[in-house]
Amino acid sequence: MAAAHVNPTRMELTQLKRKLGTAMRGHKLLKDKRDELMRQFLDLVRENKVLRERVEQGIQSANKNFVLARAVMSDETLKTAFLAPKQEVFLETDVKNVMSVEIPQFHYKTRTSDANDIYSYGFAFTSADLDDAVKSLADILPDMLKLAECEKACQMMATEIEKTRRRVNALEHVMIPEMQENIRYITMKLDENERSTQVRLMKVKDMMLEQTHHYSSRYDRQAARDEAVQES
Amino acid sequence: MYKIAVMGDYDSIYGFAALGLDIVPVAEPFDPEAAGRKLREMAGKDYAVIYITESLAAVLEEEIDSYRMEKLPAIIPIPGVSGNNGMGIKMVKKSVEQAVGTDIVFQDKNRR
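Chains as they are written, first to last, in this note's numbering: chain A, 175 to 406; chain B, 413 to 524.
There may be inaccurate statements among the hints.
[Said to hold, decoys possible] A few chain B residues facing chain A, derived, Cβ under 10 angstroms:
#1 LYS415
#2 TYR426
#3 VAL436
#4 PRO441
#5 ASP443
#6 MET454
#7 ALA455
#8 ALA470
#9 VAL471
#10 VAL493
#11 GLY495
#12 GLY500
#13 VAL504
#14 VAL512
#15 VAL517
[Unchecked claim] Between beta-carbon pairs, the in silico distance windows are:
#16 LEU216(A) x ALA439(B): 34 to 44 angstroms
#17 MET481(B) x PHE264(A): 36 to 46 angstroms
#18 GLU262(A) x PRO444(B): 24 to 34 angstroms
#19 PHE264(A) x GLU440(B): 39 to 49 angstroms
#20 ALA470(B) x PRO316(A): 18 to 28 angstroms
What the hints contain is simulated information worked out from the structure, not anything from laboratory work.
Backbone N, C-alpha and C define an ideal beta-carbon position, used for all residues, glycine too.
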């Protein structure tokens with residue numbers, strides 16, 4: 175595998191072992207992070223679903239009211255009624271940190287505190303249905319904001335989970351096996367080197383002894399002498 | 413200080429003007445290019461939340477997806493007068509699929 179391009183040295187081995195330790199720890203931590211993210215994500219997504227259903231229903235019924243209001247009013251009066259809104263909505267954002275995912279939180283503020291400022295028109299020329307319609311829409315606005323917050327959080331967490339999962343898998347199936355393989359390769363290579371040194375030393379020792387004591391020639395002479403004795 | 417915008421066909425969104433949200437009408441039939449340009453322009457300004465009618469969201473799906481990873485703005489599909497085309501739920505489903513790999517929250521709905 176990747177063993178082809180590692181240096182079989184002791185230094186490389188210690189380095190690899192240290193790296194493997196870090197990778198294992200990182201893998202465990204990331205796995206924990208992924209599990210916790212997933213748990214929170216599922217809670218959030220269920221909440222998101224409930225909110226979305228509620229908001230969709232609310233907007234649909236508000237739209238029905240608007241259609242009713244429109245039926246009894248001319249387009250011009252309707253447009254004039256909404257031409258200059260009295261109320262304004264501002265948002266302040268906070269950041270909430272959930273497992274290192276920075277989720278925005280919205281707090282909304284209205285320009286005026288009077289709840290009746292949503293009616294930006296005189297009541298004389300508009301139908302009462304319009305008031306109902308505007309009121310029903312105003313009622314679901316807080317839910318809509320909550321939905322926005324929740325949905326954004328879901329989207330960001332989904333991205334984070336995907337990222338974390340990729341990292342966990344990369345560590346588990348690529349990095350860690352590769353490092354283990356390399357470590358095995360280096361240990362084998364070092365062992366092999368040691369054995370070959372041992373053998374070489376033994377051989378050298380033999381040769382040196384031979385040089386000083388001339389064992390082989392001595393044996394030869396002994397053998398010749400023995401032969402002579404047997405013959406006589 | 414951030415603002416909220418509502419985007420879509422005029423009939424679906426004019427009511428939000430009374431509440432103090434900024435309305436951005438897009439003429440029907442939707443032109444994906446012009447609407448996309450408008451959305452990008454608004455995302456660049458200080459809008460924290462952009463509500464978008466589902467019928468328009470269906471046209472701008474790719475554009476909306478590109479804002480998924482961004483912290484702001486949050487682009488949220490809402491039903492318009494023409495009704496609900498499932499775009500909103502589809503977006504949530506997409507998140508689930510991205511995170512879990514398969515849809516485990518809405519699957520009973522598909523079976524029905």
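Evaluation of the provided hints:
no.	hint	result
1	LYS415	holds, 7 angstroms
2	TYR426	holds, 6 angstroms
3	VAL436	violated, 14 angstroms
4	PRO441	violated, 20 angstroms
5	ASP443	violated, 23 angstroms
6	MET454	violated, 14 angstroms
7	ALA455	violated, 13 angstroms
8	ALA470	violated, 15 angstroms
9	VAL471	violated, 19 angstroms
10	VAL493	holds, 5 angstroms
11	GLY495	holds, 7 angstroms
12	GLY500	holds, 6 angstroms
13	VAL504	holds, 6 angstroms
14	VAL512	holds, 7 angstroms
15	VAL517	holds, 5 angstroms
16	LEU216(A) x ALA439(B): 34 to 44 angstroms	holds, 41 angstroms
17	MET481(B) x PHE264(A): 36 to 46 angstroms	violated, 25 angstroms
18	GLU262(A) x PRO444(B): 24 to 34 angstroms	holds, 30 angstroms
19	PHE264(A) x GLU440(B): 39 to 49 angstroms	violated, 30 angstroms
20	ALA470(B) x PRO316(A): 18 to 28 angstroms	holds, 27 angstroms
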